[in-house]
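Enquirer: Sequence:
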Amino acid sequence: IRDDLRLAGIEPNWRGHSDTETLLACCVHWGFEASLQRLNGMFAFSLWDSQKQQLFLARDRVGEKPLYYGRNNGTFLFGSELKAITAYPLWQGDVDRNALALFIRYHYVPSPKSIYKDIYKLPPAHFIVVSDGGHSVSNPKCYWDLSQVATAEKNARFSETYIDELEVLMRDSVRLRMAADVPLGAFLSGGYDSSTVVALMQDQSQQPVQTFSIGFHEEGYNEAHHAKKVAQYLGTKHTELYVTSEQALDVVPKLATMYDEPFADISQIPTFLVSQLARQHVTVSLSGDGGDELFCGYNRYSAGYQVWNKMRHLPPIVRRGLAEALGYMPVNSFLKMQGYLPSSFQFSGLSDQLPKLVNALSHSDGAAFYTSLVSHVKEPDTLVLGSNTSGQRHDFIQAQDMFSDLREQMMFWDTSTYLPDDILGKVDRASMAVSLEARVPLLDHRLIEFAWRMPLNVKYRDGQAKWAMRQVMYRYLPKDLMDRPKMGFSVPLEDWLKGPLRDWAEAQLDTSRLKREGYFDPIAVRKMWDDHISGKKRAHFPLWGILMFQSWVEHQKQT
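Just so we're aligned: 501 in the working numbering is position 413 of the sequence shown, and the numbers increase by one with no gaps anywhere.
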(Lines of atoms letter the chains of each structure in order from A; the text may use other names.)
(Lines give C-alpha, C1' and ligand atoms only; values in the text may rest on other atoms or scores of the structure.)
Protein backbone atom coordinates (compact mmCIF):
# COMPACT_ATOMS: atom_id res chain seq x y z
CA ILE A 89 0.00 0.00 0.00
CA ARG A 90 2.91 2.36 0.71
CA ASP A 91 4.23 1.60 -2.76
CA ASP A 92 0.79 2.37 -4.21
CA LEU A 93 0.75 5.69 -2.39
CA ARG A 94 4.16 6.59 -3.79
CA LEU A 95 3.08 5.64 -7.31
CA ALA A 96 0.10 7.95 -6.88
CA GLY A 97 2.51 10.77 -6.00
CA ILE A 98 1.51 10.77 -2.34
CA GLU A 99 4.35 10.94 0.18
CA PRO A 100 3.03 11.31 3.74
CA ASN A 101 5.46 12.37 6.42
CA TRP A 102 6.01 8.81 7.65
CA ARG A 103 6.96 8.44 11.31
CA GLY A 104 7.49 4.68 11.31
CA HIS A 105 6.60 1.46 9.50
CA SER A 106 3.44 0.32 11.27
CA ASP A 107 0.35 -1.10 9.58
CA THR A 108 -1.77 1.45 11.45
CA GLU A 109 0.07 4.47 10.07
CA THR A 110 -0.10 3.05 6.54
CA LEU A 111 -3.82 2.31 6.86
CA LEU A 112 -4.51 5.82 8.14
CA ALA A 113 -2.66 7.39 5.20
CA CYS A 114 -4.61 5.13 2.83
CA CYS A 115 -7.95 6.23 4.32
CA VAL A 116 -6.98 9.91 4.22
CA HIS A 117 -5.97 9.85 0.56
CA TRP A 118 -8.37 7.30 -0.97
CA GLY A 119 -11.28 7.32 1.43
CA PHE A 120 -12.54 4.68 3.81
CA GLU A 121 -14.44 2.30 1.53
CA ALA A 122 -11.87 2.50 -1.29
CA SER A 123 -9.14 1.67 1.22
CA LEU A 124 -10.99 -1.47 2.34
CA GLN A 125 -10.81 -2.75 -1.24
CA ARG A 126 -7.01 -2.50 -1.15
CA LEU A 127 -6.51 -4.54 2.02
CA ASN A 128 -5.47 -8.19 1.91
CA GLY A 129 -5.49 -9.97 5.24
CA MET A 130 -7.15 -9.90 8.64
CA PHE A 131 -8.35 -6.80 10.42
CA ALA A 132 -11.04 -5.16 12.48
CA PHE A 133 -10.59 -1.45 13.01
CA SER A 134 -12.27 1.83 13.82
CA LEU A 135 -11.60 5.21 12.23
CA TRP A 136 -12.76 8.51 13.72
CA ASP A 137 -13.29 11.32 11.20
CA SER A 138 -12.96 14.46 13.31
CA GLN A 139 -14.15 16.74 10.50
CA LYS A 140 -17.34 14.81 9.71
CA GLN A 141 -17.74 13.71 13.34
CA GLN A 142 -18.28 10.14 12.15
CA LEU A 143 -17.00 6.81 13.41
CA PHE A 144 -16.28 4.05 10.86
CA LEU A 145 -16.07 0.39 11.90
CA ALA A 146 -14.92 -2.34 9.50
CA ARG A 147 -14.14 -6.05 9.51
CA ASP A 148 -12.03 -8.15 7.13
CA ARG A 149 -13.52 -10.06 4.20
CA VAL A 150 -13.76 -13.53 5.76
CA GLY A 151 -14.11 -12.69 9.46
CA GLU A 152 -10.67 -13.60 10.78
CA LYS A 153 -10.92 -10.82 13.37
CA PRO A 154 -14.01 -10.10 15.51
CA LEU A 155 -15.91 -6.83 16.01
CA TYR A 156 -18.90 -6.33 18.32
CA TYR A 157 -21.09 -3.24 18.54
CA GLY A 158 -24.44 -2.02 19.85
CA ARG A 159 -26.23 0.36 22.18
CA ASN A 160 -26.52 -0.16 25.91
CA ASN A 161 -27.98 2.22 28.45
CA GLY A 162 -28.10 4.99 25.87
CA THR A 163 -24.46 4.66 24.80
CA PHE A 164 -22.97 3.26 21.60
CA LEU A 165 -20.32 0.64 22.43
CA PHE A 166 -17.91 -1.36 20.29
CA GLY A 167 -14.91 -3.63 20.72
CA SER A 168 -13.08 -6.72 19.55
CA GLU A 169 -14.34 -8.69 22.54
CA LEU A 170 -17.50 -8.70 24.60
CA LYS A 171 -15.46 -8.24 27.76
CA ALA A 172 -14.45 -4.78 26.48
CA ILE A 173 -18.12 -3.88 26.03
CA THR A 174 -19.34 -5.31 29.34
CA ALA A 175 -16.63 -3.30 31.12
CA TYR A 176 -18.72 -0.17 30.45
CA PRO A 177 -19.60 1.12 33.95
CA LEU A 178 -23.35 1.40 33.22
CA TRP A 179 -23.54 -1.96 31.40
CA GLN A 180 -26.78 -3.89 31.77
CA GLY A 181 -26.91 -6.99 29.59
CA ASP A 182 -29.66 -9.53 29.09
CA VAL A 183 -29.07 -12.89 27.46
CA ASP A 184 -30.76 -13.20 24.07
CA ARG A 185 -32.66 -16.46 24.44
CA ASN A 186 -32.96 -16.96 20.70
CA ALA A 187 -29.19 -16.53 20.38
CA LEU A 188 -28.78 -19.07 23.20
CA ALA A 189 -30.99 -21.60 21.38
CA LEU A 190 -28.99 -21.11 18.17
CA PHE A 191 -25.82 -21.61 20.20
CA ILE A 192 -27.15 -24.89 21.61
CA ARG A 193 -27.91 -25.99 18.04
CA TYR A 194 -24.63 -24.95 16.37
CA HIS A 195 -22.18 -24.60 19.30
CA TYR A 196 -21.50 -21.00 18.30
CA VAL A 197 -23.66 -17.88 18.23
CA PRO A 198 -24.24 -17.13 14.53
CA SER A 199 -23.69 -13.62 13.16
CA PRO A 200 -25.03 -11.01 13.38
CA LYS A 201 -26.30 -12.03 16.81
CA SER A 202 -24.30 -12.08 20.01
CA ILE A 203 -25.27 -13.74 23.27
CA TYR A 204 -26.55 -10.37 24.51
CA LYS A 205 -29.65 -8.55 23.33
CA ASP A 206 -28.94 -5.48 21.18
CA ILE A 207 -25.23 -6.27 20.83
CA TYR A 208 -24.21 -7.53 17.38
CA LYS A 209 -21.31 -8.99 15.49
CA LEU A 210 -20.36 -6.93 12.45
CA PRO A 211 -20.59 -9.45 9.58
CA PRO A 212 -17.41 -10.21 7.62
CA ALA A 213 -16.70 -7.87 4.68
CA HIS A 214 -18.97 -5.15 6.10
CA PHE A 215 -18.63 -1.71 7.63
CA ILE A 216 -20.91 0.69 9.47
CA VAL A 217 -20.93 4.45 9.97
CA VAL A 218 -21.85 5.92 13.36
CA SER A 219 -22.79 9.59 13.67
CA ASP A 220 -24.82 12.05 15.75
CA GLY A 221 -22.93 11.21 18.92
CA GLY A 222 -23.69 7.50 18.56
CA HIS A 223 -27.44 7.96 18.04
CA SER A 224 -27.30 7.23 14.30
CA VAL A 225 -25.91 3.86 13.21
CA SER A 226 -26.05 2.86 9.56
CA ASN A 227 -27.02 -0.60 8.42
CA PRO A 228 -23.95 -2.78 7.75
CA LYS A 229 -22.72 -2.16 4.20
CA CYS A 230 -20.97 -4.92 2.23
CA TYR A 231 -17.73 -4.05 0.42
CA TRP A 232 -16.90 -7.59 -0.81
CA ASP A 233 -19.87 -9.81 -1.59
CA LEU A 234 -19.21 -13.53 -1.12
CA SER A 235 -22.43 -14.41 -2.97
CA GLN A 236 -21.18 -12.52 -6.04
CA VAL A 237 -17.78 -14.17 -5.72
CA ALA A 238 -19.35 -17.63 -5.40
CA THR A 239 -21.71 -17.20 -8.33
CA ALA A 240 -19.23 -15.58 -10.72
CA GLU A 241 -18.92 -17.29 -14.07
CA LYS A 242 -16.94 -20.50 -13.74
CA ASN A 243 -14.32 -21.80 -16.10
CA ALA A 244 -16.30 -24.23 -18.22
CA ARG A 245 -14.19 -27.37 -18.09
CA PHE A 246 -11.26 -29.08 -16.51
CA SER A 247 -7.78 -27.85 -17.34
CA GLU A 248 -4.36 -28.74 -15.95
CA THR A 249 -3.57 -25.02 -15.92
CA TYR A 250 -5.87 -24.67 -12.89
CA ILE A 251 -3.27 -26.43 -10.79
CA ASP A 252 -0.43 -24.21 -12.00
CA GLU A 253 -2.47 -21.06 -11.31
CA LEU A 254 -3.56 -22.40 -7.92
CA GLU A 255 0.02 -23.10 -6.92
CA VAL A 256 1.14 -19.59 -7.90
CA LEU A 257 -1.65 -18.01 -5.83
CA MET A 258 -1.04 -20.26 -2.83
CA ARG A 259 2.69 -19.61 -2.87
CA ASP A 260 2.15 -15.86 -3.00
CA SER A 261 -0.43 -15.92 -0.24
CA VAL A 262 1.93 -17.88 2.01
CA ARG A 263 4.83 -15.58 1.07
CA LEU A 264 2.87 -12.47 2.09
CA ARG A 265 1.98 -13.98 5.45
CA MET A 266 5.58 -14.96 6.16
CA ALA A 267 6.52 -11.27 6.34
CA ALA A 268 7.34 -10.66 10.00
CA ASP A 269 9.96 -8.96 12.13
CA VAL A 270 9.32 -11.46 14.94
CA PRO A 271 9.85 -15.26 15.14
CA LEU A 272 7.49 -17.12 12.78
CA GLY A 273 6.22 -20.70 12.64
CA ALA A 274 3.24 -22.84 11.63
CA PHE A 275 0.75 -25.29 13.07
CA LEU A 276 1.21 -28.74 11.54
CA SER A 277 -1.44 -31.40 12.07
CA GLY A 278 -0.29 -33.58 9.19
CA GLY A 279 -3.51 -33.05 7.24
CA TYR A 280 -3.66 -31.73 3.69
CA ASP A 281 -4.22 -28.08 4.58
CA SER A 282 -1.53 -27.49 7.18
CA SER A 283 0.95 -29.74 5.34
CA THR A 284 0.47 -27.75 2.12
CA VAL A 285 0.95 -24.43 3.92
CA VAL A 286 4.11 -25.68 5.64
CA ALA A 287 5.47 -27.16 2.40
CA LEU A 288 5.03 -23.80 0.65
CA MET A 289 6.61 -22.01 3.59
CA GLN A 290 9.64 -24.29 3.68
CA ASP A 291 10.13 -24.04 -0.08
CA GLN A 292 10.34 -20.24 0.25
CA SER A 293 12.50 -20.15 3.36
CA GLN A 294 16.28 -20.33 3.65
CA GLN A 295 16.02 -21.66 7.21
CA PRO A 296 14.05 -24.61 8.60
CA VAL A 297 10.51 -23.47 9.36
CA GLN A 298 9.43 -23.96 12.96
CA THR A 299 6.41 -26.26 13.13
CA PHE A 300 4.24 -27.34 16.04
CA SER A 301 1.85 -30.18 16.76
CA ILE A 302 0.31 -31.80 19.80
CA GLY A 303 -0.57 -35.43 20.29
CA PHE A 304 -2.79 -37.49 22.56
CA HIS A 305 -1.99 -40.87 23.97
CA GLU A 306 -5.47 -42.03 22.93
CA GLU A 307 -4.69 -43.38 19.45
CA GLY A 308 -8.03 -42.54 17.84
CA TYR A 309 -7.37 -38.85 18.50
CA ASN A 310 -3.67 -38.69 17.69
CA GLU A 311 -2.18 -37.26 14.50
CA ALA A 312 1.18 -36.24 15.96
CA HIS A 313 3.06 -39.21 14.56
CA HIS A 314 1.93 -38.37 11.05
CA ALA A 315 2.73 -34.67 11.49
CA LYS A 316 6.22 -35.69 12.57
CA LYS A 317 6.72 -37.69 9.36
CA VAL A 318 5.63 -34.70 7.27
CA ALA A 319 8.00 -32.42 9.22
CA GLN A 320 10.89 -34.84 8.74
CA TYR A 321 10.25 -35.06 4.99
CA LEU A 322 10.12 -31.27 4.61
CA GLY A 323 13.04 -30.66 6.95
CA THR A 324 11.28 -28.33 9.38
CA LYS A 325 12.35 -27.64 12.95
CA HIS A 326 9.55 -29.57 14.56
CA THR A 327 8.26 -29.38 18.13
CA GLU A 328 5.60 -31.72 19.43
CA LEU A 329 3.95 -32.17 22.77
CA TYR A 330 2.03 -35.23 23.87
CA VAL A 331 -0.74 -33.97 26.11
CA THR A 332 -2.04 -35.94 29.05
CA SER A 333 -5.73 -35.89 29.84
CA GLU A 334 -4.87 -33.92 32.98
CA GLN A 335 -3.19 -31.18 30.93
CA ALA A 336 -6.12 -31.01 28.53
CA LEU A 337 -8.67 -30.90 31.34
CA ASP A 338 -6.76 -28.05 32.99
CA VAL A 339 -7.82 -25.92 30.01
CA VAL A 340 -11.56 -26.35 30.67
CA PRO A 341 -11.80 -23.72 33.49
CA LYS A 342 -10.07 -21.18 31.22
CA LEU A 343 -12.50 -21.51 28.32
CA ALA A 344 -15.16 -19.12 29.60
CA THR A 345 -12.54 -16.38 29.96
CA MET A 346 -10.89 -17.13 26.64
CA TYR A 347 -14.16 -17.26 24.67
CA ASP A 348 -16.08 -14.49 26.40
CA GLU A 349 -19.14 -15.45 24.38
CA PRO A 350 -20.40 -19.04 24.83
CA PHE A 351 -18.51 -21.33 22.45
CA ALA A 352 -18.53 -25.13 22.37
CA ASP A 353 -16.45 -26.49 19.48
CA ILE A 354 -14.56 -29.15 21.45
CA SER A 355 -11.45 -28.63 19.31
CA GLN A 356 -11.10 -25.36 21.24
CA ILE A 357 -9.02 -27.37 23.74
CA PRO A 358 -6.33 -28.74 21.38
CA THR A 359 -6.32 -25.42 19.48
CA PHE A 360 -5.41 -23.60 22.68
CA LEU A 361 -2.79 -26.20 23.58
CA VAL A 362 -1.03 -26.02 20.21
CA SER A 363 -1.16 -22.20 20.36
CA GLN A 364 0.36 -22.29 23.83
CA LEU A 365 3.10 -24.63 22.59
CA ALA A 366 3.88 -22.43 19.58
CA ARG A 367 3.99 -19.24 21.67
CA GLN A 368 6.90 -20.65 23.66
CA HIS A 369 8.99 -20.41 20.46
CA VAL A 370 7.38 -17.91 18.03
CA THR A 371 5.16 -14.82 17.96
CA VAL A 372 3.38 -15.49 14.65
CA SER A 373 2.08 -18.83 13.42
CA LEU A 374 0.47 -19.76 10.10
CA SER A 375 -2.60 -22.01 10.09
CA GLY A 376 -4.14 -24.21 7.39
CA ASP A 377 -7.77 -23.31 8.07
CA GLY A 378 -10.12 -22.66 5.15
CA GLY A 379 -9.09 -25.47 2.81
CA ASP A 380 -12.15 -27.61 3.53
CA GLU A 381 -14.65 -24.86 2.73
CA LEU A 382 -12.86 -23.75 -0.45
CA PHE A 383 -11.89 -27.12 -1.94
CA CYS A 384 -14.75 -29.44 -0.91
CA GLY A 385 -13.00 -31.17 1.98
CA TYR A 386 -15.56 -31.88 4.71
CA ASN A 387 -17.08 -35.34 4.96
CA ARG A 388 -20.56 -33.88 4.58
CA TYR A 389 -19.61 -32.85 1.04
CA SER A 390 -18.78 -36.44 0.14
CA ALA A 391 -20.40 -39.11 2.33
CA GLY A 392 -23.27 -36.84 3.38
CA TYR A 393 -23.94 -35.77 -0.19
CA GLN A 394 -23.92 -39.37 -1.44
CA VAL A 395 -26.53 -40.38 1.12
CA TRP A 396 -28.75 -37.37 0.38
CA ASN A 397 -28.48 -37.82 -3.38
CA LYS A 398 -29.61 -41.45 -3.16
CA MET A 399 -32.30 -41.01 -0.54
CA ARG A 400 -34.02 -37.76 -1.55
CA HIS A 401 -35.98 -39.42 -4.35
CA LEU A 402 -37.63 -41.89 -1.97
CA PRO A 403 -41.14 -41.04 -0.74
CA PRO A 404 -41.01 -38.88 2.43
CA ILE A 405 -42.81 -41.53 4.48
CA VAL A 406 -40.11 -44.08 3.59
CA ARG A 407 -37.27 -41.71 4.51
CA ARG A 408 -38.92 -40.73 7.79
CA GLY A 409 -39.57 -44.36 8.63
CA LEU A 410 -35.98 -45.33 7.88
CA ALA A 411 -34.64 -42.45 9.96
CA GLU A 412 -36.94 -43.37 12.84
CA ALA A 413 -35.99 -47.05 12.70
CA LEU A 414 -32.27 -46.31 12.61
CA GLY A 415 -32.75 -43.78 15.41
CA TYR A 416 -33.73 -46.60 17.75
CA MET A 417 -30.49 -48.48 17.12
CA PRO A 418 -28.42 -49.10 20.26
CA VAL A 419 -25.31 -46.96 20.68
CA ASN A 420 -22.93 -49.85 19.99
CA SER A 421 -24.66 -50.64 16.71
CA PHE A 422 -23.45 -47.34 15.23
CA LEU A 423 -19.92 -48.22 16.25
CA LYS A 424 -20.17 -51.66 14.61
CA MET A 425 -21.68 -50.25 11.39
CA GLN A 426 -18.40 -48.51 10.59
CA GLY A 427 -16.75 -51.75 9.53
CA TYR A 428 -19.46 -52.55 6.95
CA LEU A 429 -19.47 -49.24 5.10
CA PRO A 430 -17.60 -48.53 1.82
CA SER A 431 -14.19 -46.89 1.99
CA SER A 432 -15.57 -43.50 0.89
CA PHE A 433 -17.53 -43.48 4.17
CA GLN A 434 -14.56 -44.36 6.36
CA PHE A 435 -13.27 -41.44 8.41
CA SER A 436 -12.32 -40.61 11.97
CA GLY A 437 -15.33 -39.69 14.11
CA LEU A 438 -17.76 -41.62 11.93
CA SER A 439 -19.56 -43.02 14.95
CA ASP A 440 -20.38 -39.45 16.00
CA GLN A 441 -21.53 -38.45 12.52
CA LEU A 442 -23.69 -41.49 11.71
CA PRO A 443 -26.53 -40.58 14.11
CA LYS A 444 -26.65 -37.05 12.62
CA LEU A 445 -26.70 -38.52 9.13
CA VAL A 446 -29.55 -40.82 10.15
CA ASN A 447 -31.48 -37.81 11.50
CA ALA A 448 -30.94 -35.94 8.25
CA LEU A 449 -32.43 -38.76 6.15
CA SER A 450 -35.94 -37.49 6.78
CA HIS A 451 -35.23 -34.33 4.75
CA SER A 452 -35.38 -34.01 0.97
CA ASP A 453 -34.81 -30.24 1.02
CA GLY A 454 -31.12 -29.37 0.80
CA ALA A 455 -31.21 -26.56 3.38
CA ALA A 456 -33.06 -28.73 5.91
CA PHE A 457 -30.67 -31.64 5.26
CA TYR A 458 -27.63 -29.39 5.83
CA THR A 459 -29.14 -27.80 8.95
CA SER A 460 -29.74 -31.26 10.38
CA LEU A 461 -26.15 -32.32 9.65
CA VAL A 462 -24.61 -29.31 11.39
CA SER A 463 -27.01 -29.31 14.36
CA HIS A 464 -25.93 -30.74 17.70
CA VAL A 465 -29.46 -30.40 19.05
CA LYS A 466 -32.34 -30.88 16.63
CA GLU A 467 -34.97 -28.81 18.49
CA PRO A 468 -33.13 -26.42 20.83
CA ASP A 469 -36.30 -24.46 21.62
CA THR A 470 -37.46 -27.44 23.69
CA LEU A 471 -34.36 -27.04 25.86
CA VAL A 472 -34.02 -23.25 26.07
CA LEU A 473 -36.89 -21.67 27.97
CA GLY A 474 -38.51 -18.66 26.28
CA SER A 475 -36.82 -19.12 22.89
CA ASN A 476 -38.34 -19.26 19.41
CA THR A 477 -35.86 -19.79 16.59
CA SER A 478 -38.21 -20.95 13.85
CA GLY A 479 -37.15 -19.31 10.61
CA GLN A 480 -33.94 -17.87 12.07
CA ARG A 481 -31.66 -19.07 9.25
CA HIS A 482 -33.29 -17.83 6.04
CA ASP A 483 -29.84 -17.55 4.50
CA PHE A 484 -29.69 -21.36 4.23
CA ILE A 485 -32.88 -21.41 2.18
CA GLN A 486 -32.02 -18.42 0.00
CA ALA A 487 -28.65 -19.86 -0.99
CA GLN A 488 -30.39 -22.82 -2.63
CA ASP A 489 -31.23 -20.55 -5.55
CA MET A 490 -27.55 -19.80 -6.12
CA PHE A 491 -26.32 -23.32 -6.90
CA SER A 492 -27.88 -26.45 -8.37
CA ASP A 493 -25.45 -28.79 -6.59
CA LEU A 494 -25.89 -29.35 -2.83
CA ARG A 495 -22.13 -29.59 -2.33
CA GLU A 496 -21.62 -26.04 -3.53
CA GLN A 497 -24.55 -24.90 -1.41
CA MET A 498 -22.95 -26.46 1.65
CA MET A 499 -19.53 -24.99 0.83
CA PHE A 500 -21.11 -21.54 0.54
CA TRP A 501 -23.06 -21.91 3.78
CA ASP A 502 -19.96 -23.09 5.62
CA THR A 503 -17.82 -20.24 4.26
CA SER A 504 -20.36 -17.61 5.24
CA THR A 505 -21.38 -19.00 8.65
CA TYR A 506 -19.39 -21.90 10.14
CA LEU A 507 -15.99 -20.60 9.01
CA PRO A 508 -16.13 -17.10 10.55
CA ASP A 509 -18.30 -17.86 13.58
CA ASP A 510 -16.75 -21.20 14.58
CA ILE A 511 -13.40 -22.00 12.97
CA LEU A 512 -11.89 -18.52 12.78
CA GLY A 513 -13.38 -17.46 16.11
CA LYS A 514 -11.83 -20.51 17.74
CA VAL A 515 -8.37 -19.89 16.27
CA ASP A 516 -8.43 -16.16 17.04
CA ARG A 517 -9.47 -16.53 20.69
CA ALA A 518 -7.14 -19.46 21.39
CA SER A 519 -4.11 -17.77 19.82
CA MET A 520 -4.81 -14.32 21.28
CA ALA A 521 -5.17 -15.89 24.74
CA VAL A 522 -1.41 -16.59 24.62
CA SER A 523 -0.50 -13.44 22.60
CA LEU A 524 0.16 -15.43 19.43
CA GLU A 525 -0.77 -13.98 16.04
CA ALA A 526 -2.35 -16.66 13.84
CA ARG A 527 -2.41 -15.99 10.09
CA VAL A 528 -4.52 -17.94 7.59
CA PRO A 529 -2.99 -17.90 4.07
CA LEU A 530 -5.66 -20.12 2.46
CA LEU A 531 -8.18 -17.32 3.05
CA ASP A 532 -6.43 -14.73 0.91
CA HIS A 533 -9.39 -13.18 -0.98
CA ARG A 534 -7.64 -13.73 -4.31
CA LEU A 535 -7.46 -17.44 -3.52
CA ILE A 536 -11.11 -17.53 -2.49
CA GLU A 537 -12.15 -15.84 -5.74
CA PHE A 538 -10.05 -18.23 -7.80
CA ALA A 539 -11.39 -21.30 -5.96
CA TRP A 540 -15.00 -20.29 -6.64
CA ARG A 541 -14.26 -19.86 -10.36
CA MET A 542 -13.06 -23.47 -10.48
CA PRO A 543 -15.62 -26.08 -11.59
CA LEU A 544 -16.75 -28.41 -8.85
CA ASN A 545 -15.26 -31.40 -10.70
CA VAL A 546 -11.78 -29.97 -10.12
CA LYS A 547 -12.33 -29.78 -6.37
CA TYR A 548 -14.01 -33.18 -6.02
CA ARG A 549 -12.70 -35.59 -8.64
CA ASP A 550 -12.37 -39.37 -8.98
CA GLY A 551 -13.91 -39.79 -5.53
CA GLN A 552 -11.29 -37.53 -3.94
CA ALA A 553 -12.06 -34.44 -1.89
CA LYS A 554 -9.75 -31.43 -2.33
CA TRP A 555 -8.49 -32.88 -5.61
CA ALA A 556 -7.08 -29.58 -6.94
CA MET A 557 -5.36 -28.75 -3.68
CA ARG A 558 -3.92 -32.25 -3.46
CA GLN A 559 -2.28 -31.84 -6.86
CA VAL A 560 -0.42 -28.78 -5.58
CA MET A 561 0.56 -30.61 -2.41
CA TYR A 562 1.84 -33.65 -4.36
CA ARG A 563 4.44 -31.38 -5.96
CA TYR A 564 6.02 -31.04 -2.52
CA LEU A 565 4.96 -34.17 -0.62
CA PRO A 566 4.64 -37.79 -1.84
CA LYS A 567 1.21 -39.37 -2.20
CA ASP A 568 2.03 -42.42 -0.12
CA LEU A 569 2.89 -40.16 2.81
CA MET A 570 -0.24 -38.05 2.60
CA ASP A 571 -3.16 -40.17 1.41
CA ARG A 572 -4.99 -41.47 4.46
CA PRO A 573 -8.43 -41.11 6.09
CA LYS A 574 -9.42 -37.61 7.23
CA MET A 575 -9.18 -36.91 10.95
CA GLY A 576 -10.65 -34.08 12.96
CA PHE A 577 -8.92 -32.06 15.66
CA SER A 578 -10.71 -33.43 18.68
CA VAL A 579 -10.48 -34.97 22.15
CA PRO A 580 -12.10 -38.01 23.83
CA LEU A 581 -14.96 -35.94 25.24
CA GLU A 582 -17.35 -38.86 25.66
CA ASP A 583 -15.00 -40.65 28.06
CA TRP A 584 -14.02 -37.45 29.87
CA LEU A 585 -17.64 -36.63 30.75
CA LYS A 586 -18.09 -40.10 32.19
CA GLY A 587 -14.74 -39.96 33.97
CA PRO A 588 -12.55 -37.04 35.06
CA LEU A 589 -15.05 -34.31 34.12
CA ARG A 590 -18.07 -36.00 35.66
CA ASP A 591 -18.07 -34.15 39.00
CA TRP A 592 -17.56 -30.78 37.28
CA ALA A 593 -20.40 -31.54 34.85
CA GLU A 594 -22.70 -32.66 37.65
CA ALA A 595 -22.18 -29.33 39.40
CA GLN A 596 -22.89 -27.39 36.19
CA LEU A 597 -26.07 -29.39 35.57
CA ASP A 598 -27.36 -29.36 39.13
CA THR A 599 -31.17 -29.37 38.97
CA SER A 600 -31.64 -26.65 41.58
CA ARG A 601 -29.15 -24.42 39.77
CA LEU A 602 -30.88 -24.99 36.42
CA LYS A 603 -34.24 -24.06 37.97
CA ARG A 604 -32.81 -21.00 39.70
CA GLU A 605 -31.11 -19.60 36.58
CA GLY A 606 -34.08 -20.39 34.36
CA TYR A 607 -32.34 -20.79 31.01
CA PHE A 608 -32.93 -24.51 30.41
CA ASP A 609 -35.67 -27.05 30.99
CA PRO A 610 -34.08 -28.90 33.93
CA ILE A 611 -36.02 -32.13 33.35
CA ALA A 612 -34.92 -32.37 29.70
CA VAL A 613 -31.30 -31.54 30.54
CA ARG A 614 -31.09 -34.04 33.37
CA LYS A 615 -32.60 -36.78 31.19
CA MET A 616 -29.98 -36.09 28.53
CA TRP A 617 -27.24 -36.30 31.18
CA ASP A 618 -28.61 -39.47 32.75
CA ASP A 619 -28.98 -41.16 29.35
CA HIS A 620 -25.37 -40.32 28.54
CA ILE A 621 -23.96 -41.56 31.84
CA SER A 622 -25.97 -44.78 31.66
CA GLY A 623 -24.83 -45.43 28.07
CA LYS A 624 -28.38 -45.31 26.73
CA LYS A 625 -27.53 -42.45 24.35
CA ARG A 626 -24.30 -40.76 23.32
CA ALA A 627 -25.06 -37.14 24.17
CA HIS A 628 -21.58 -35.76 24.80
CA PHE A 629 -21.73 -33.12 22.06
CA PRO A 630 -25.18 -31.70 22.96
CA LEU A 631 -24.17 -31.72 26.62
CA TRP A 632 -20.92 -29.88 25.89
CA GLY A 633 -22.89 -26.91 24.54
CA ILE A 634 -25.00 -26.73 27.70
CA LEU A 635 -21.94 -27.13 29.90
CA MET A 636 -20.06 -24.36 28.09
CA PHE A 637 -22.99 -21.98 28.55
CA GLN A 638 -23.28 -22.91 32.23
CA SER A 639 -19.56 -22.31 32.66
CA TRP A 640 -19.92 -18.95 30.90
CA VAL A 641 -22.78 -17.93 33.21
CA GLU A 642 -20.68 -18.89 36.21
CA HIS A 643 -17.78 -16.79 34.89
CA GLN A 644 -20.04 -13.77 34.30
CA LYS A 645 -21.18 -13.90 37.93
CA GLN A 646 -17.58 -13.88 39.11
CA THR A 647 -16.63 -10.89 36.97
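Hint data in this document are derived by calculation from the structure and do not stem from the laboratory.
Just to be clear, a hint being listed does not mean it is correct.
To be verified - Under the rule of at most 30 Å between Cα atoms (straight-line distance), these lysine-lysine pairs were calculated in the DSS-like manner:
1) K325 - K153
2) K625 - K466
3) K603 - K466
4) K645 - K624
5) K586 - K625
6) K567 - K242
7) K342 - K242
8) K567 - K325
9) K201 - K645
10) K586 - K645
11) K624 - K586
12) K201 - K153
In this text, all values refer to a predicted model and were calculated from it rather than measured experimentally.
Enquirer: All the hints need checking, so say for each whether the structure fits it.
Expert: Going through the hints against the structure:
1. The suggested pairing of K325 with K153 holds, with an alpha-carbon distance near 29 Å, which does not exceed 30 Å.
2. Between the alpha carbons of K625 and K466 the distance comes to roughly 15 Å, so the proposed pair stays at or under 30 Å and holds.
3. Restraint check for K603 and K466: satisfied, since their Cα atoms lie roughly 22 Å apart, inside the 30 Å limit.
4. For the given pair, K645 sits about 34 Å from K624 by alpha-carbon distance, which is inconsistent with the 30 Å threshold.
5. About 12 Å separates the Cα atoms of K586 and K625, which keeps this hinted pair within 30 Å; it holds.
6. Between K567 and K242 the CA atoms are separated by roughly 29 Å; this keeps the pair inside 30 Å, and the hint holds.
7. Taking the CA atoms of K342 and K242, the gap is near 45 Å; set against the 30 Å cutoff, the hint is violated.
8. This hinted pair checks out: K567 and K325 have alpha carbons roughly 22 Å apart, not beyond 30 Å.
9. As the CA atoms of K201 and K645 are separated by approximately 22 Å, the hinted pair is consistent with the 30 Å bound.
10. Distance restraint check for K586 and K645: the Cα-Cα separation of roughly 27 Å lies within the 30 Å cut-off, and the hinted pair is therefore satisfied.
11. Straight-line distance between C-alpha atoms of K624 and K586 comes to about 13 Å, which keeps the hinted pair within the 30 Å bound.
12. For a cut-off of 30 Å, the pair hint linking K201 to K153 stands: about 16 Å separates their Cα positions.
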